[in-house]
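Going line by line, the protein sequences match chains A and B. For the first sequence, the residue numbers in this note's numbering are 1 to 338. For the second sequence, the residue numbers in this note's numbering are 1 to 174.
These aren't lab readings, by the way, just hints derived from the structure by calculation. Do not take every clue at face value.
[What the hints assert, rightly or not] Within a straight-line C-alpha distance of at most 20 Å, the following computed EDC-like cross-link-like pairs (lysine to aspartate or glutamate) qualify: (1) A:Lys2 / B:Glu135; (2) A:Lys2 / B:Glu43; (3) A:Lys85 / B:Asp52; (4) A:Lys85 / A:Asp294.
[To be verified] To spell it out: a stretch of chain B is covered by chain A in this simulated footprint if at least three of its residues, at any positions, have a beta carbon under 8 Å from a beta carbon of chain A; those stretches are: (5) 27-34; (6) 40-54; (7) 60-70; (8) 73-79; (9) 121-132.
[Stated by the list, open to error] Label pairs and their in silico Cβ distance ranges: (10) A:His221 / B:Cys147: 26 to 32 Å; (11) A:Asp191 / B:His53: 44 to 50 Å; (12) B:His53 / A:Ala223: 24 to 30 Å; (13) B:Glu159 / A:Gly285: 24 to 30 Å; (14) A:His328 / B:Leu10: 38 to 44 Å; (15) B:Leu10 / A:Pro128: 28 to 34 Å; (16) A:Gly285 / B:Gly132: 33 to 39 Å.
Virtual Cβ for every residue (Gly too), placed ideally from N, Cα, C.
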Amino acid sequence: MKPFSYTRAESVRDAVAALMANPQAQLLAGGTNLIDLIKYDVAEPEAVIDINRLPLKEIVELPDGGLRIGALVSNSAVAYDPRVKQHFPLLSSAILAGASPQLRNAATTGGNLLQRTRCYYFYDPASPCNKRDPGSGCPAIGGLNRIHAILGASDACIAVHPSDMCVALAALDATVEVEGPDGAREIGFADFHRLPGDGPDRDNTLRRGEIVTGVRLEANHFAGHHTYLKLRDRLSYAFALVSVAAAVQVADGRFVEVRVALGGVAHKPWRDPLAEAEFAGAPAGEETFIRLADRLLAGAEGRGHNDFKIPLAHRAIVRALRQAVSGHPQDQTVKAIQ
Amino acid sequence: MDTPRAQSGLPTSSLILDINGIAQTVEVHPWTTLLDLLRSELELTGTKKGCDHGQCGACTVLIDGERINSCLKLAVTLDGAEITTIEGLGTPGDMHPLQRAFVEHDAFQCGYCTPGQICSAVGLINEGHAQGRDEIRELMSGNLCRCGAYTNIADAIEEVLSAQAGTPQREAAE
Ligand SMILES: Cc1cc2nc3c(=O)[nH]c(=O)nc-3n(C[C@H](O)[C@H](O)[C@H](O)COP(=O)(O)OP(=O)(O)OC[C@H]3O[C@@H](n4cnc5c(N)ncnc54)[C@H](O)[C@@H]3O)c2cc1C
Ligand code: SF4
Ligand code: FES
Ligand code: FES
């Protein structure tokens, strides 16, 4: 690891000031992504600002039935919180589908949002990569791209966002609370992560000096009608090739509302609210599931090694909708897919 | 990188850690991981380095009773914490129930993953989310065993878990 200085922030303002004081500074939360990247010389902060002692470790109930999850609440603490399990089981399930118990104990809510892609070339400083080194090129296009994007990619970058938790947060229309040099603001989840376009070095829309303070969830009407279906190379401790978070509301056999967020397929958790809206009122059955999957993947484009993700995502969407409508969410312990 | 860079002139911080029940003051560089501190500086080599990247679980230790991967934790962040390693769980003459069960069930071959497996299993039991075998298997999935001793590892943990009267309860809400 290259040497860096270390300071411990005592307040959110402190952390913001430290970020503003040094453009080469980076925040440290659980460290499960940042330390890994520093070891590979992919992240090279001059200064590491430890935010672990900031008072952002609580899950608070909101008057409307929602929850505010502090940025430093661990992934485990969120997944096993009785309020999250009862009212937002989709979030709990998605978290438990990711990483390992040890990693989830260390990983934080804020850090999970900000984790970087697992693209092989991004992780290898000897390779060019527009995300790591803007303008150097994208060897994944025409190279090894089995884990790469099929939706929303650009000629500059075809990487995917690797988080499971964020796919559930996208389906739940969460709000990200941030604080920066100009005070506090909120960002809707769909606007938090960004597509690569011609600036793949930026994963999200945080401005310089901003820190995530929490994530807010609003009460919803999905009750038991949700699922998180994650498909990967081994049953545990592996990133998603394709994942689907589905949440639906059904009345008289028809969709009142249907939400589908996809993981492992794009530079951000992928949702298409216009497509979803077209299916309100449609019969909540197999034929509709297939049409919705067709619609969501209409613009999908394979790059060679990842061509398989298109039919895989199609089947996963259909299966996830079947699970959500029938009220039988995917079990993350017994992995058999019903 | 195996040892923390001991460049002279580079800054160090002084911290107090409770390691296996003994309070110790240590001097570390900001970039020294807990794993390197334990193995290289404190000579507690029971904790193993497999991948050094969070991918194998060999370096699992307990911080304030919670299992984590020590290869991805900077020591400097842990001032005041209680660390438990395999050396702190038991001794050859007075083994922890999990250590005894691992021996009885032949839950290893080369033994390289074993300290991490046992610390992880202690964490798993503390957490109280595992009741049966399926849960043990899933919640031990952060510990790889290159020798493939998984069946016996699960047997050993299952035995200790079921022997513990009044195993920690799960919340009623599912
Ligand atoms: C082997 C392995 C397997 C994994 N498998 C999965 C998986 O299957 N699914 C999955 O979803 N994830 C997986 N992960 C990734 C894991 O979930 C992330 O590493 C973790 O969520 C990051 O959180 P952290 O608190 O450790 O972040 P850190 O490493 O501390 O930080 C990550 C980034 O976020 C920034 N940051 C942290 N907190 C804030 C904040 N409050 N405001 C602004 N910026 C902030 C940091 O500056 C840094 O750039 C895996 C990781 C490993 C090592
Ligand atoms: S896909 Fe993105 S992250 Fe991967 S090499 Fe190309 S530019 Fe870099
Ligand atoms: S050495 Fe830490 S997880 Fe492999
Ligand atoms: S016993 Fe050899 S790696 Fe597990």
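Results of checking the hints against the structure:
Our distance criterion of 20 Å between C-alpha atoms is broken by Lys2 (chain A) and Glu135 (chain B), whose separation comes to about 40 Å. For the given pair, Lys2 (chain A) sits about 24 Å from Glu43 (chain B) by alpha-carbon distance, which is inconsistent with the 20 Å threshold. For the hint linking Lys85 (chain A) to Asp52 (chain B), the alpha-carbon distance of about 33 Å lies beyond 20 Å, and the restraint is violated. Pair hint Lys85 (chain A) plus Asp294 (chain A) does not hold up; C-alpha atoms about 32 Å apart against a cutoff of 20 Å.
Given as covered by chain A, the region 27-34 of chain B passes the check, having 4 residues with a CB less than 8 Å from a CB of that chain where 3 are the minimum. With a cut-off of 8 Å between beta carbons, the region 40-54 of chain B has 3 residues touching chain A; three or more are needed, and the interface restraint holds. Residues of the region 60-70 of chain B lying with their CB closer than 8 Å to a CB of chain A number 5, which satisfies the three-residue condition for coverage. Under a criterion of three residues with beta carbons nearer than 8 Å to beta carbons of chain A, the stated coverage of the region 73-79 of chain B is upheld, 4 such residues being counted.
Counting residues of the region 121-132 of chain B whose beta carbon lies closer than 8 Å to any beta carbon of chain A gives 4, which reaches the threshold of three, so the coverage claim holds. Taken as a hint, the range 26 to 32 Å is violated for the pair His221 (chain A) and Cys147 (chain B), whose Cβ atoms sit roughly 50 Å apart. Range check, Asp191 (chain A) to His53 (chain B): Cβ separation about 32 Å, and the 44 to 50 Å hint is violated. Between His53 (chain B) and Ala223 (chain A) the Cβ separation comes to about 40 Å, which falls outside the hinted range of 24 to 30 Å.
The hint said 24 to 30 Å for the Cβ distance between Glu159 (chain B) and Gly285 (chain A), and at roughly 47 Å that hint is violated. Evaluation of the 38 to 44 Å hint for His328 (chain A) and Leu10 (chain B) yields a failure: the beta carbon distance comes to about 56 Å. A hinted range of 28 to 34 Å holds for the C-beta pair Leu10 (chain B) and Pro128 (chain A), which are about 31 Å apart. Judged by the Cβ atoms, the range 33 to 39 Å given for Gly285 (chain A) and Gly132 (chain B) holds: they are separated by roughly 35 Å.
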